[in-house]
Amino acid sequence: MPIPGLGLVGPSANGKLLDPRTIILVLIVLVTLTIFLFVGQILKRRPESHIDPAIIRNFNKRVTTWLTICALLVVALFFQIKVVTVVLFGFVSFWALREFITMTPTRRGDHRTLFWVLFGFTPLQYVLVGLDLYAIYTIMIPVYASLFIPARIAFTSDHKRFLERTAKIQFGLLICVYSLSHAPALLNLDDLVTFNTSAAQAGDQAMLPDGAVPWDGSTAGLLFFFIVMVQVSDMLHFVWDRLFGKYVIAPSVNTTKTWEGLIGAACCTVLVAMLLQSLLPVTPFTWYGAGFMALLISVMASSGSMTMSAIKRDRRVKDHGTLVMGHAGVLDRIDSLCFAAPIFFHATRLFLDGENRIMFGATKEAVAMFFTGG
Amino acid sequence: MKQITVPVLAAIAKILSGATLRWVDCEPDTCQRIYFANHTSHLDALVLWSSLPKNIRALTRPVAAVDYWQGGPIRRYMATVFDVLLIDRKKIKVHNSPIDMMIREIGNSKSLIVFPEGGRNVTGEMREFKSGLFHLAKKRPDLELIPVYIDNLNRVMPKGEFLPVPLLSCITIGAPIFLESGESKAVFLGKARNAVLKLKEA
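Protein sequence lines correspond, in order, to chains A and B. For the first sequence, position 176 matches number 175 in numbering that gives the first Met the number 0, and the numbering has no gaps at all. For the second sequence, position 170 matches number 169 in numbering that gives the first Met the number 0, and the numbering has no gaps at all.
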């Protein structure tokens, strides 16, 4: 007898991008953010309150960014156009990479390489995601771009700090473009979902775990679940750091991030995800599956902000640049999203795949499958 | 036609350069000014001009070398769009002084953007200023001399490249300097150069 799996309640019954439950989630998020926006504005006009104005400014900036991103995503998904969402993320990637390269010094000899990275690989990655060419978009940047970049730099006959320069460009491309592109790639999992649906509709109900019903959600639900969890995790991390933070993880990298924040945020995010999945199932996961996913997301999100802190700290010590200052700091807002995206994408893909669906029930094979891939 | 092309090209220049404009101890004003800046890229004049507020932009002309801006139809077109005041570096003589020409061209209303280094610095180190700025200040002491520091544009389009890499750049505009009475040429030019350098840290 199959035991209910961690991965799936059941496959989707429609191939649409948006479903009613996702719309409800989106509305809740939009309303919450709007309330936050008002609260932030009220706090800004009250200098007599005892809250640090820098925190309020930071809070307002974050809220505005997320309101903009969510609003744009809603517009894109409302019209059922995957392309718009992919292009939107493409522009975010482009801007983030631009900030990253501005922040890290490069040499004259890197100019043409940078041109190819910004105008070649970046758009190409999103075109591939849009076309759902999984086999190519998962390896293009880590393999082909990683070979192209050092070779192109070598051709410019400037060997000074060669490995350092190569690594900088590769890392920027990997984080800002490759990793982030896995967020809109979640919409591609539709194929997997519809494939399962047709199998289920063909009377193959036996394939589903006991008591499970076919999932009638949409892939946009996955994307929103992911984005909301990253934001919840970031927010909780901040709150835990402020309220209970005692043991700083790495004082030389980031003076505010604490172990209490990391663990507290992870635990609370798991609870939020479980609650969300029970009340408003926007993902095909079971409630404990959603909790597991939230744990992955939260840990990766925290790692992302830590990594970016390390890079920024390294740069700031060396030069007090005013270059990126005047801008909103896109990279600042999406660092956690970038780190969590590929992990969430691959874990989801694994669970959505019909053959792996009950793997957490069948423990032995599951573990084998998880570690060996087959 | 120019009403459409100028704002569009200015917007493209601003987007490509990702330029942040900072006014430090200085406010935008339509009074007659000489903006003098460090020169690291062909884009300097265009980006600085594009970043200025619209009403100031209309009164401001970049000064640039004729040998570059007459090379090829695109550059020639850009020079007319951005209202560039072209100077022939090879034909500078006493009776054909570019200073007189600049003063003639600006009249009583226009401002200028000049690059006193005379050419682009390649190493990143600012070159010594040419004397033009001193003569300009001497002949028209009423002009406000505004130092401008342009950061990172050399990475957007370095010398010898024709395709831009749209990194972010920053333009800092500082407090005006004036020619003090009895100040020698060398002292004044050093002061002007330092005023630009100081903005790097501002």
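Hints are computed from structural coordinates only; laboratory data are not their basis. Ideal placement from N, C-alpha and C gives every residue a C-beta, glycine not left out. One or more of the hints may lead you astray.
Derived, one-sided and incomplete: chain B residues facing chain A with beta-carbon distance under 7 Å [to be verified]:
#1 Ile98
#2 Met100
#3 Ile102
#4 Pro157
#5 Glu160
#6 Leu167
Cross-check of the supplied hints:
no.: 1; hint: Ile98; verdict: violated (33 Å)
no.: 2; hint: Met100; verdict: violated (34 Å)
no.: 3; hint: Ile102; verdict: violated (34 Å)
no.: 4; hint: Pro157; verdict: holds (5 Å)
no.: 5; hint: Glu160; verdict: holds (5 Å)
no.: 6; hint: Leu167; verdict: holds (4 Å)
Going through the hint list in order, the structure does not satisfy hints 1, 2 and 3.
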